[in-house]
Amino acid sequence: MAEKTAVLTDKAPKPLAGIYSQAIKANGFVFVSGAVPMDAQTMKIVDGDIQAHTHQCIKNLAAILEASGSDINKVVKVNVFLSNMDDFAAMNEVYSQYWGEVKPCRTCVAVKTLPLNVDVEIECTATY
Numbered sequence: 001m002a003e004k005t006a007v008l009t010d011k012a013p014k015p016l017a018g019i020y021s022q023a024i025k026a027n028g029f030v031f032v033s034g035a036v037p038m039d040a041q042t043m044k045i046v047d048g049d050i051q052a053h054t055h056q057c058i059k060n061l062a063a064i065l066e067a068s069g070s071d072i073n074k075v076v077k078v079n080v081f082l083s084n085m086d087d088f089a090a091m092n093e094v095y096s097q098y099w100g101e102v103k104p105c106r107t108c109v110a111v112k113t114l115p116l117n118v119d120v121e122i123e124c125t126a127t128y
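Numbering (my numbering), first residue to last: 1 to 128.
If you're looking for bench data, these hints aren't it; they were derived computationally from the structure.
There may be inaccurate statements among the hints.
[Unchecked claim] Just the calculated beta-carbon pair ranges, DEER-fashion:
1. C105 - S21: 20 to 28 Å
2. A26 - V109: 19 to 27 Å
3. A17 - K44: 13 to 21 Å
4. A17 - D49: 28 to 36 Å
5. A17 - L114: 19 to 27 Å
6. D49 - P115: 17 to 25 Å
7. N79 - Q51: 17 to 25 Å
8. I19 - N117: 16 to 24 Å
9. K4 - A90: 33 to 41 Å
10. T107 - D49: 16 to 24 Å
Computed from a predicted model, the values in this text were never measured in an experiment.
Backbone N, C-alpha and C define an ideal beta-carbon position, used for all residues, glycine too.
Throw the hints in and build the complete structure from the sequences for me.
Listed below in structure tokens is the structure:
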């Protein structure tokens with residue numbers, strides 16, 4: 001069985017203790033849990049619209065990736081969860097600024113409700 005290692009950084013919101021890890025490193029990949037638009041210091045959702053929230057989600061992912069020995073340019077798969085598909089275009093305007101020249105594979109779905117009633121949550125998988 002492949003070994004797995006949890007990743008934890010104080011530069012991203014703390015995970016719920018005993019429930020999940022910020023990320024897991026295994027077999028040359030890092031699997032990052034869904035990031036909501038929460039500030040790591042205040043543990044509160046940042047003010048703003050879907051674009052501000054998308055930036056914060058990706059900022060949180062980037063911090064976790066860095067702590068794992070990876071970075072945003074090594075992401076190979078992204079899953080985006082939106083509470084309203086009407087936010088798709090505005091989210092994409094921000095999203096497209098990240099991930100390097102070769103964009104990762106991606107799924108984007110609308111869901112009924114996200115944790116803390118946020119409008120976006122993003123998770124990713126990267127190499128390290």
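Evaluation of the provided hints:
One distance hint, 20 to 28 Å for the beta-carbon pair C105 and S21, holds here, with the actual separation near 22 Å. The hinted range of 19 to 27 Å is satisfied by A26 and V109, whose Cβ atoms lie roughly 25 Å apart. Distance hint for A17 and K44: a CB-CB separation of about 18 Å, consistent with the stated range 13 to 21 Å. Take A17 and D49: their Cβ atoms lie about 31 Å apart, and the range 28 to 36 Å holds.
Here the CB-CB span from A17 to L114 is close to 20 Å, well matched to the stated 19 to 27 Å. Separation of D49 from P115 is about 18 Å and conforms to the stated range, judged on CB atoms against 17 to 25 Å. Here the CB-CB span from N79 to Q51 is close to 19 Å, well matched to the stated 17 to 25 Å. In this structure, I19 and N117 meet the distance hint of 16 to 24 Å, their C-beta atoms being roughly 19 Å apart.
Under the hint 33 to 41 Å, the C-beta atoms of K4 and A90, about 36 Å apart, fit the expected range. The hinted window of 16 to 24 Å between T107 and D49 holds, with their beta carbons roughly 23 Å apart.
Checked against the numbered hints listed earlier, the structure breaks none of them; every hint is satisfied.
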